[in-house]
Amino acid sequence: MDSYNTVENIYLLVIITALSVLQNIFFALKVEKECTCPNTHALAIERVSSANRNCMDAYPTFMAMMWCAGVCLSQAPAAFAGLLYLVVRHKYFIGYMGQTSQSTPGYLFGKRILLFLGLMCLVGVVNYLLTRFLGTDYKESVETFTSAASTLLLFP
Amino acid sequence: MDSYNTVENIYLLVIITALSVLQNIFFALKVEKECTCPNTHALAIERVSSANRNCMDAYPTFMAMMWCAGVCLSQAPAAFAGLLYLVVRHKYFIGYMGQTSQSTPGYLFGKRILLFLGLMCLVGVVNYLLTRFLGTDYKESVETFTSAASTLLLFP
Amino acid sequence: MDSYNTVENIYLLVIITALSVLQNIFFALKVEKECTCPNTHALAIERVSSANRNCMDAYPTFMAMMWCAGVCLSQAPAAFAGLLYLVVRHKYFIGYMGQTSQSTPGYLFGKRILLFLGLMCLVGVVNYLLTRFLGTDYKESVETFTSAASTLLLFP
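Chains A, B and C supply the protein sequences, listed in that same order.
Under numbering that gives the first Met the number 0, the residue at position 101 of the first sequence is numbered 100, and the numbers go up by one with no gaps.
Under numbering that gives the first Met the number 0, the residue at position 36 of the second sequence is numbered 35, and the numbers go up by one with no gaps.
Under numbering that gives the first Met the number 0, the residue at position 143 of the third sequence is numbered 142, and the numbers go up by one with no gaps.
Watch out, some of these pointers could steer you wrong.
[Unchecked claim] Cβ-Cβ distance ranges computed for the label pairs, FRET-style:
#	chain 1	residue 1	chain 2	residue 2	range
1	B	P37	A	R111	45 to 51 Å
2	C	T39	A	L118	31 to 37 Å
3	A	L42	B	E45	15 to 21 Å
4	C	A43	A	T135	47 to 53 Å
5	A	N38	C	K90	22 to 28 Å
6	B	E7	A	S49	22 to 28 Å
7	C	C34	A	R111	48 to 54 Å
8	B	N8	C	T150	45 to 51 Å
9	C	T150	A	L133	41 to 47 Å
No lab work stands behind these hints: they were computed from the structure.
All of these numbers come straight from a predicted model, not from anything done at the bench.
Using N, Cα and C, we set each Cβ at its ideal position, and we do this for glycine too.
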């Protein structure tokens, strides 16, 4: 029963994590295919490796943020932001590969989503501290507000 | 008592995590030794760096999968798969360094183990959803089946 | 109420995680600035990329260790060690960029802090096993001892 309750609070995060792992494997297969294909341009190989490396560099940061935000505050907005991050990452990867000119998208991507998740963490911790020291509990209202705010991420 | 129960459900995963960290440090020391040794071939340095980088790139993916699978379903098969992954990774690292010909093992490794862990996550979440919406609980039988299935990973 | 208890046990870890993410983003912005600035030396770009990459390579290892140590044993010393790690990492990054001679600081950094966190994990798991099989519980005394020992990390 204890394990049942645990899963209840994190199952959306688990689904997003599984999706992100599938995406990682997709990226890795792309790199492998590009590197073993005999007639690929050296630039294309470098480009797909860079795209993959940038995505992998940012991956632990994203995971840590999403799980902290989901556990501290509320899982639904965190999972929704995670899903958006995966979409942004996919666009970034495709965009990085596709361009033939020198200008590539920058090193960072999804800054706004990471910021939103970071704010969720902060609000969760501050809310906990308020509950502990002042005895007030704004969690319900904060969760509602966060869910509403997460839809703002949809704007480009 | 609460913390005691928490540790009960994850201690095998913690042991595997600590082992994987030791392995990471071992890889890092190998890289450091190879790079500072004055009479190493440039190819050897590049090879050991690539091996380390590929292992590090896949590390967060593996960690996320193992912990999700362990928390959602059952820790013993997840930890067993994690142990196998560490063995596979060690073989990969050694194999990457040892070869002098151009052909290296691919970018990805341990695909089957990651797939197994992903399936465990999926089964855990589906089982939770079934429990919630249909009121049936197959967790006991699923856990037994998973433990049995994890031994199948031993086959090469 | 259940979520309230969860946050109670991890809120310091969450704060450290959020700080580390801010630091990651700071590093990434440094890399981006260095790469897009037109009159930077190629060596400087390579140096800042290497510093960032080494930090990112070690990041999942650190995260896994800190969270395991914090959950298994006690969050305050783990968060304190995490804070020190962030300071050490900042020094490492600045030191890596600043040098113009060929000698760079090694690939690994913060070995002592990772070792301390690893020991905390080990002690937590051993303590759990002792509690389970022998019925003794040294957790209180171990936590006090760990808090005291963590101040030893302050010595250079």
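For a quick check of understanding: which of the numbered hints are violated here, in increasing order? Violated hints (numbers, rising): 5, 6, 7, 8 and 9; every other hint is consistent with the structure.
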